[in-house]
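Undergrad: Here's the letter readout for the chains.
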Amino acid sequence: MFKLNLKIALRNLWRNKSITAINIGGLAIALAAFLILMIYVTYETTFDKDNPNYNHIYLVGRKSSAFQTNFTPPSLSKEIKANFPEVEAAGTIKHNFFEFAINKDANTVFAKKHIFIEYEAAKILNIKPEHGLTQPAGDEFIFYLNKPYMETLFPGKKDDKPEMVSLGSKSAGHTGKISGVIQTDAHSNIDFDVLTVVKELGKGENYGYNNYFTYIQVKPGTDIALLTKKIEKMYRANTAKAFGEPDWKEINSVNVFLDPLKNLHLRPTAGTDTNYKVVLAISVLGLLMLVIACINFTNLSIAQAAKRAKEVGVKKVMGVFRYQLVFQFITEILIQCIVAGGVALILAELILPAFNSLFEINLNIWHNNTAIFWQLPAIIMGITLIAGIYPALVLSGFRPALVLKGNFQTSRQSYWLKNSLLVFQFAVAVIFIVGLFIINSQLKYMRTQDVGFKAEQVVAVKNMAFFTDPKVFEPVREKIMQIPGVKSVTVANAIPDGSKLGKNGYTAEGKKETLGFLDVDFDYFETLGISLKEGRFFNRAFKSDTVNSAILNESAVAKYGLVNPIGKTIRGCSMDYKIVGVIKDFKSEGFENAVEPTIYSLNNPCGNAKLEILIKIEAQQMSAALEGLKRQWSSINKLDGDHFRYQFLDELYGRLFKKQEQLQAIFFVAAMLTVFIAVLGLFAFAKYVTNARNKEIAVRKVLGATDLQILKLLNSSFFVIVLIANLLGWPLAYLLTKKWLETFAYRADMPVTPFVLSALITMGLSLLTVSIQASKSVKAKPVDALKYE
Amino acid sequence: MIKLENIEKYYANKGVKNYVLRHVTTQINKGEFVSIMGPSGAGKSTLLNIMGMLEEPTYGSYFFNEEDVTHLGERKKIELYRNHIGFVFQAYHLIDEMTVYENIEAPLLYKNVSSGERKSRIADLLDRFNIVAKKDLFPNQLSGGQQQLVGIARALAAQPAIILADEPTGNLQSVQAEEIMELFKKLNREDGITIVQVTHSEKNAGYGNRIITIEDGVIKEDLKIG
Chain P
1 MFKLNLKIAL RNLWRNKSIT AINIGGLAIA LAAFLILMIY VTYETTFDKD NPNYNHIYLV
61 GRKSSAFQTN FTPPSLSKEI KANFPEVEAA GTIKHNFFEF AINKDANTVF AKKHIFIEYE
121 AAKILNIKPE HGLTQPAGDE FIFYLNKPYM ETLFPGKKDD KPEMVSLGSK SAGHTGKISG
181 VIQTDAHSNI DFDVLTVVKE LGKGENYGYN NYFTYIQVKP GTDIALLTKK IEKMYRANTA
241 KAFGEPDWKE INSVNVFLDP LKNLHLRPTA GTDTNYKVVL AISVLGLLML VIACINFTNL
301 SIAQAAKRAK EVGVKKVMGV FRYQLVFQFI TEILIQCIVA GGVALILAEL ILPAFNSLFE
361 INLNIWHNNT AIFWQLPAII MGITLIAGIY PALVLSGFRP ALVLKGNFQT SRQSYWLKNS
421 LLVFQFAVAV IFIVGLFIIN SQLKYMRTQD VGFKAEQVVA VKNMAFFTDP KVFEPVREKI
481 MQIPGVKSVT VANAIPDGSK LGKNGYTAEG KKETLGFLDV DFDYFETLGI SLKEGRFFNR
541 AFKSDTVNSA ILNESAVAKY GLVNPIGKTI RGCSMDYKIV GVIKDFKSEG FENAVEPTIY
601 SLNNPCGNAK LEILIKIEAQ QMSAALEGLK RQWSSINKLD GDHFRYQFLD ELYGRLFKKQ
661 EQLQAIFFVA AMLTVFIAVL GLFAFAKYVT NARNKEIAVR KVLGATDLQI LKLLNSSFFV
721 IVLIANLLGW PLAYLLTKKW LETFAYRADM PVTPFVLSAL ITMGLSLLTV SIQASKSVKA
781 KPVDALKYE
Chain B
1 MIKLENIEKY YANKGVKNYV LRHVTTQINK GEFVSIMGPS GAGKSTLLNI MGMLEEPTYG
61 SYFFNEEDVT HLGERKKIEL YRNHIGFVFQ AYHLIDEMTV YENIEAPLLY KNVSSGERKS
121 RIADLLDRFN IVAKKDLFPN QLSGGQQQLV GIARALAAQP AIILADEPTG NLQSVQAEEI
181 MELFKKLNRE DGITIVQVTH SEKNAGYGNR IITIEDGVIK EDLKIG
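The listed protein sequences correspond, in order, to chains P and B. All residue numbers for the first sequence refer to full-length UniProt numbering, where the first residue is 1 and numbers rise by one. All residue numbers for the second sequence refer to full-length UniProt numbering, where the first residue is 1 and numbers rise by one.
To be clear, the hints were calculated from the coordinates, so they are not data collected in a lab. Here a beta-carbon is modelled for each residue, glycine too, at the ideal position from N, C-alpha and C. It is possible that some hints are incorrect.
Stated by the list, open to error - Cross-link-like lysine to any residue pairs, in silico, SDA-like; alpha carbons within 25 Å at most:
no. : chain 1 : residue 1 : chain 2 : residue 2
1   : P       : Lys738    : P       : Asp642
2   : B       : Lys134    : P       : Ala9
3   : B       : Lys111    : P       : Glu596
4   : B       : Lys77     : P       : Arg700
5   : P       : Lys405    : B       : Lys224
6   : B       : Lys77     : P       : Asn5
7   : P       : Lys405    : B       : Glu167
8   : B       : Lys30     : P       : Gly319
9   : P       : Lys177    : P       : Leu133
10  : B       : Lys3      : B       : Leu142
As the list claims (entries may be wrong) - Going by beta-carbon spacing under 8 Å, a handful of chain P positions derived as facing chain B:
no. : residue
11  : Met318
12  : Gly319
13  : Ala401
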């Protein structure tokens, strides 16, 4: 019997080839999208998950009303370990903030993401050198390279003996010992290419040297809130001890937080949760697509019902139980779902490379997610039940006395359900269309809006020599300026690529505020084309500029409420600065965050080393100038080395848009797919409805209706459906996009056109789809439809 | 075999009762060949549907083989369908996706008849109805008369005691109709199968041995012939 049912199912599917293809195709597309999105979401939410102590590891951070940061003093981890028995282990990490070269003979690699890690932190974070983690003795540095670097430096190396290399510029003569190869894991929060394991970091540095990340591993069952309070109390007491005259008000304004390892990738306390929101949005999106496909499936299966009614009636009078019929129809739907699943896997495999390049990751259906072997069948079973149970019940519920009479028409009662499912599908499509247009308009706004500085033709040069003192940088600048095409040169401790500024407290007119600080050199504002609001830029003609001159941005002036700020004094880092200029705000951190109130100075004892060289070059002479810089680099900048490496500032800044561009791409695809699936559903549904109304159409024609009138008649009901879908979709789309726009400090106004366009697009498509279907019925001769069977 | 007592059937529409059957009391014995006749809308098909338990009467009782089946659960009804009742329809109602062979086989599958038994019974039926050559064709490849032959073969496959036929020749040309009626007569005479048919045609009714005439839901005449 099963075999016979299977045969009937296959013959049936084959006979309605077009509808079967629509059914399976729609489901397969949605399933493929769902699969990829789920693999991506799984990837994003499982960073470091393979760490055996995943749930017990925390990063210690500090926050106040003015800042949130993971940077902590080096001694904190030892103090935590010594004082709190519930902390099983604690250790620190320090990121190297400059790139350096590692040379062996003619081969060179650049350590781009070098980190120093304490032995204990390495144990907590499950760092695995190829031959096991060994404890450094005393002041020993154990230096590891990742595999590609090792292979570049020592091609053909077979043994695992340590090797000597030279570090940085060859002429500088620094050497180091490579202890071995280390496994790196892109799927981890601890991202590095070169790693140095030490016993203790930051010896001799105390509170105030907030350059270290403190990781702790707690014992299972620890009360984290309580531990946080205890650490906070200790931190405040030790801070007070470290500074002679403690400012208790300031000390007490700083809170300690423990950020669990599982939050660090997507929603760190000291950072944005944009990624988390994007991942959340993507999961919802994947689910929605699947739901729409299921609805489509249900709708089409019911639409087919009339064709199966006779079979149901006959089988019932043969003595078939209803559950047997339900089982039969579910089996049919299962077959389609399995085929769709297979097609979906193929589609996913085809789409994945494009997805990977968009998100700059390397996902693989089979490797990242072995769970797929049970997940996919489970999903298919789930869809079968969700999409199949209702049609199966409807079909198996036909009463033989009605069905077998001959002129059977499915009741109009189930229309409201089909119609509301169709409304739902189109409403979702409307939301995606509106969303897509609004994302587009915000991105267009971001690309065309004046960011307050000009990143074009500015080259950011990688450099590991400290140019904190303007006198040291001056000869380097002079040499660079001699290269034809170079317009200006400067050095600073950060570049406007979205990187966060360091922060410190400054007092002006008796008011103390936290400001971001940027340590610059002469020509910084000129190089970046930043506009002056009042006063002047830094200038070599003023001797005091290298001592205590400062420039504020508009936001900083507003924060203090300064009137006529030029000439006034601002105090910070135990020195008095004289304000010599005010610049217009520029969006160095992109559009999501408001411009940071910032102080710019040449001399900042509390600042960070100036390493970032920025060079503005004439557009026409760009390649020649870069060539010249490359050739002369070792003589221009002896301390840095033999390799001139640069990036274009506009490209670096453009990366800030990357997440939003990814979202745009995802939305584009999702909008296309949902519209496509909705239209597929409408296509089949229209076919069914027009077929069911064939007799009515024939009667109307006999009564004298023109083709156009009948087309209008058939379209009108669908028109209403799409209209309702738009009316339902708009407010939801408005709320969602408004929420999204609110994540930007600088955003475009909510436009009206997307809403109008979504209506036009959905209505145009439905008009086209229905008319194509209806034209067949309209053209048919009335006699054929009216003939009595 | 069939005993109807005071059967009534009406459809209530906005409080108005539209009677289809009134006070129908009759008995059909084993081995009879009954034709139900009457004008359109008289309630013939409804009466047949009640006999086939496709519809339930509003009032009255129905005994099938001495057993009260007026309100029967699905399980019991299906047991009767599988073993005692065969249906033949005016529009044949063969399953379009099944071949002739599969159509005849279907009721046997639901009855869990063994595969060997199925084969021999179907072979026997195909042979008897002269449609062996057509066994792998689909219904839409057959003429109306041939389709009805298959329909009857299907009804007979489960070896029922009674066949209920709703205008079995209504869609057929007269030559084919005669063949079908001859077949019914033979089944009734030789195999002792009880047959109840609804028909419009005096000529077809003449093949049976009893005619029940219904008008406006009431039995007007119950005539034994032959």
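Undergrad: Against each hint, give a clear statement of whether it holds in the structure.
TA: We went through each hint and held it up to the structure:
1. Restraint check: the Cα-Cα separation between Lys738/P and Asp642/P comes to about 51 Å, which exceeds 25 Å; the hinted pair is violated.
2. The straight-line distance between the Cα atoms of Lys134/B and Ala9/P is roughly 22 Å, inside the 25 Å bound, and the hint therefore holds.
3. At most 25 Å may separate the alpha-carbon atoms for a hinted pair to count; Lys111/B and Glu596/P exceed this at roughly 82 Å.
4. With a C-alpha separation of about 43 Å, the suggested pairing of Lys77/B with Arg700/P is violated against the 25 Å cut-off.
5. For the suggested pair Lys405/P and Lys224/B, the alpha carbons sit about 29 Å apart, so the restraint of at most 25 Å is broken.
6. As the CA atoms of Lys77/B and Asn5/P are separated by approximately 23 Å, the hinted pair is consistent with the 25 Å bound.
7. Only pairs whose Cα atoms come within 25 Å are accepted, and Lys405/P paired with Glu167/B is accepted, the gap being roughly 11 Å.
8. Of the pairs offered as hints, the one joining Lys30/B and Gly319/P holds, with about 22 Å between alpha carbons and a cut-off of 25 Å not exceeded.
9. Taking the CA atoms of Lys177/P and Leu133/P, the gap is near 16 Å; set against the 25 Å cutoff, the hint holds.
10. Distance hint between Lys3/B and Leu142/B is unfulfilled; the C-alpha atoms sit about 38 Å from each other, more than 25 Å.
11. For Met318/P, the interface hint holds, since its Cβ comes within 8 Å of a Cβ in chain B; the closest pair sits about 4 Å apart.
12. For Gly319/P, the shortest C-beta to C-beta distance to chain B is roughly 3 Å, which falls under 8 Å, so the interface hint holds.
13. The beta carbon of Ala401/P comes within 4 Å of a beta carbon in chain B, closer than 8 Å, and the hint placing it at the interface holds.
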